[in-house]
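Visitor: Sequence:
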Amino acid sequence: MKLNFKSNEGFTLVELLASIVVLVAVGSVVAGIITASLRGANKTNVMENIRENGNYALTQISRSIEYAQVFNGLSDNGEDYTTNCPFSASPTPSPVETQYSFIKVTSSNDNATEYGCTVSAPATITSNGASLINTSSIVMTDCVIACVQTRATDIPVVKIGFKLGPKDPTGIAETSSPPILFETSITIRNYKK
0 MKLNFKSNEG
10 FTLVELLASI
20 VVLVAVGSVV
30 AGIITASLRG
40 ANKTNVMENI
50 RENGNYALTQ
60 ISRSIEYAQV
70 FNGLSDNGED
80 YTTNCPFSAS
90 PTPSPVETQY
100 SFIKVTSSND
110 NATEYGCTVS
120 APATITSNGA
130 SLINTSSIVM
140 TDCVIACVQT
150 RATDIPVVKI
160 GFKLGPKDPT
170 GIAETSSPPI
180 LFETSITIRN
190 YKK
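In numbering that gives the first Met the number 0, the protein residues as written are 0 to 192.
Hints are supplied without guarantee of correctness; some may be wrong.
[To be verified] Listed below are the simulated DSS-like cross-link pairs for lysine-lysine, each with C-alpha atoms no more than 27 Å apart in a straight line: (1) Lys-158 to Lys-191; (2) Lys-42 to Lys-166; (3) Lys-42 to Lys-162.
Keep in mind that the hints were calculated from the coordinates and are not lab data.
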């Protein structure tokens with residue numbers, strides 16, 4: 000008995016199409032996984048950048064105010080400074096909080112520093128006019144400098160708060176997120192009554 004084997008030199012069209020469909024399906028799944036992981040990494044990098052900028056600005060401001068040799072005051076316009084926070088004479092459940100745009104302190108080496116909330120584009124928090132955040136990739140949505148004093152004899156407590164979020168000119172989902180709030184309360188150690 001003679002076996003007759005036919006030698007095929009190539010693949011049929013159906014076999015080629017089936018293998019292409021399998022490769023495309025596997026490639027699509029792999030591409031989706033890679034894209035999803037890169038988007039997640041990008042969002043993580045954006046959020047880390049916001050946290051670094053916010054923590055840096057908050058640390059610079061709070062240390063400078065806390066260890067200031069002279070408290071020059073708070074101002075709405077950057078010109079007229081008041082060294083006393085308004086306080087409530089009648090007992091209230093919470094002290095009156097007055098909001099300002101600028102605070103000025105003098106360090107132990109006699110360098111005056113003015114911190115301000117600038118709302119003109121781009122909105123930022125400044126130190127002597129220089130931005131403390133990277134305004135090319137981060138946008139500030141809210142900034143508050145407030146002063147709290149319960150009695151005239153108390154040391155004022157300065158509150159700083161601002162919200163930072165990603166600058167999103169493209170509208171891509173992985174770069175958009177709600178703003179992160181940064182806030183602190185500072186008591187001036189060398190406050191002279």
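Visitor: Now tell me, hint by hint, if it's right for this structure.
Guide: We went through each hint and held it up to the structure:
1. Lys-158 to Lys-191: holds, 19 Å
2. Lys-42 to Lys-166: Given that 27 Å is the threshold and the Cα spacing comes to 12 Å, the pair holds.
3. Lys-42 to Lys-162: With a Cα-Cα distance of about 18 Å, the restraint between Lys-42 and Lys-162 holds, given a limit of 27 Å.
When the structure is compared with the earlier hints, no violation turns up for any of them.
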